[in-house]
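Novice: Single-letter residue listing:
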Amino acid sequence: MHREVTVKEDGRLLVYYTFAATAAETPAADKGIGKTDKETSL
Amino acid sequence: MRWNPVMAEWVVTATHRQDRTFLPPADYCPLCPTAEGGFPTEVPRSKYDFVVFENKFPSLMKNPGEPAVVGSDLYPVQPSLGICEVVLYSSDHKSTLTDMPVEKLAQLIKVWRDRYEQLGARDEIRYVFIFENKGEAIGVTIHHPHGQIYAFSHMPPRIERELQSEAQHFANTKRCLHCDIIKEERGDGRRVFAENVGFVALIPFYARYPYETHIYAKQHIPSLADFSEENETQLAQLLHVVLNKFDHLFGFSLPYMMVMHQRPTDGDHSAYPGSHFHIEFYPPNRTAEKLKFLAGCESGAGTFVNDTLPEEKAAELRAVKPHLEDF
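As they're listed, the protein sequences go chains A and B. To convert, note that position 9 of the first sequence is 9 in my numbering; the numbers rise steadily by one, no gaps. To convert, note that position 10 of the second sequence is 10 in my numbering; the numbers rise steadily by one, no gaps.
Keep in mind that the hints were calculated from the coordinates and are not lab data. Here the structure is a predicted model, which is why all the values come from computation and not from measurement. Yeah, the Cβ is synthetic: ideal placement off N, Cα and C, and Gly gets one too. Don't take every hint at face value.
[Claimed, not checked] Short, incomplete list of chain B residues facing chain A, as computed with Cβ under 8 Å:
{"#": "1", "residue": "48"}
{"#": "2", "residue": "57"}
{"#": "3", "residue": "107"}
{"#": "4", "residue": "114"}
{"#": "5", "residue": "159"}
{"#": "6", "residue": "161"}
{"#": "7", "residue": "162"}
Throw the hints in and build the complete structure from the sequences for me.
Specialist: Structure follows, in structure tokens:
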């Protein structure tokens with residue numbers, strides 16, 4: 001499980017959870033939206 | 001929050017929630033991924049397995065303002081401290097938890113566990129309450145498949161009452177109340193309608209709603225944080241069976257409230273020897289066309305009147321597809 005923590009413009013937390021298959025498919029353009037303050041693979 | 005001295009419980013006032021999104025059309029869903037050139041939704045990314053974000057219209061807040069009124073000795077007030085999160089199950093607007101394959105449900109259980117641990121680790125959080133309201137009959141305001149998490153800084157009254165019963169039973173018997181309930185229910189068998197190696201689904205002896213269903217870990221597992229990988233798969237499998245039985249019951253997607261009860265997160269684990277992970281479902285339907293309302297007796301006296309026998313309703317759910325052996 002991969003957890004990517006980002007912060008929305010209004011300061012609210014937004015966390016993406018991806019599992020192996022989807023993480024591999026995520027387009028590069030989709031990565032880096034929002035401000036990532038922590039990225040963790042679990 | 002305002003203290004109710006009559007019932008000895010806190011009431012949350014959250015006036016900003018009056019303006020929250022209410023049944024938007026499917027093409028204007030704030031929980032769908034933001035479409036190219038479309039209006040910005042809560043989720044900028046186009047592909048994900050699960051997304052969790054802080055509720056735009058929270059009942060409890062990390063940094064709550066001062067209460068709108070000044071309290072008194074009789075009427076204390078305090079800031080509505082806590083965290084409210086939304087858990088999106090899918091980017092597909094039309095899917096439901098019931099549509100999820102077992103593998104994806106097992107992934108969702110990992111997400112629930114992670115939120116329980118992340119939120120529960122915060123000093124101010126005493127109880128992490130994971131739940132889902134499904135269907136307009138329950139008062140759902142957005143149809144996109146999602147659940148919610150309320151991380152409370154105070155112990156909610158129903159949870160507190162359950163903890164007191166657990167503690168009393170443990171003091172009297174040195175046993176877990178829920179383990180004894182599982183033993184009694186499995187021994188009797190009439191109210192059990194599905195079970196696998198790790199979990200059992202039943203309508204409890206004391207059910208308040210006709211199809212009220214509890215899913216229990218058979219072993220004494222206090223919380224999601226204590227799950228093994230096997231437990232996650234076992235729960236996912238039984239959850240899949242129960243949800244699909246619900247939808248086969250009347251031939252439509254059954255509304256429900258789904259809530260999780262587990263160990264509080266306010267410190268010493270040994271303080272709660274009787275906490276035992278379980279999920280409770282409260283479907284409001286008593287027949288395909290009729291709903292159970294919380295009317296005068298339930299709301300005013302606190303006594304539920306169940307118009308059915310749990311033994312008969314469990315037999316219905318046992319008979320309806322799917323069965324565990326179908327998998």
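Novice: Compare the structure with each hint and give your call.
Specialist: Do the hints match the structure? See the list:
{"no.": "1", "hint": "48", "verdict": "holds (5 Å)"}
{"no.": "2", "hint": "57", "verdict": "violated (11 Å)"}
{"no.": "3", "hint": "107", "verdict": "holds (5 Å)"}
{"no.": "4", "hint": "114", "verdict": "holds (7 Å)"}
{"no.": "5", "hint": "159", "verdict": "violated (24 Å)"}
{"no.": "6", "hint": "161", "verdict": "violated (31 Å)"}
{"no.": "7", "hint": "162", "verdict": "violated (29 Å)"}
In summary, the structure is inconsistent with hints 2, 5, 6 and 7 from the numbered list given earlier, while agreeing with the others.
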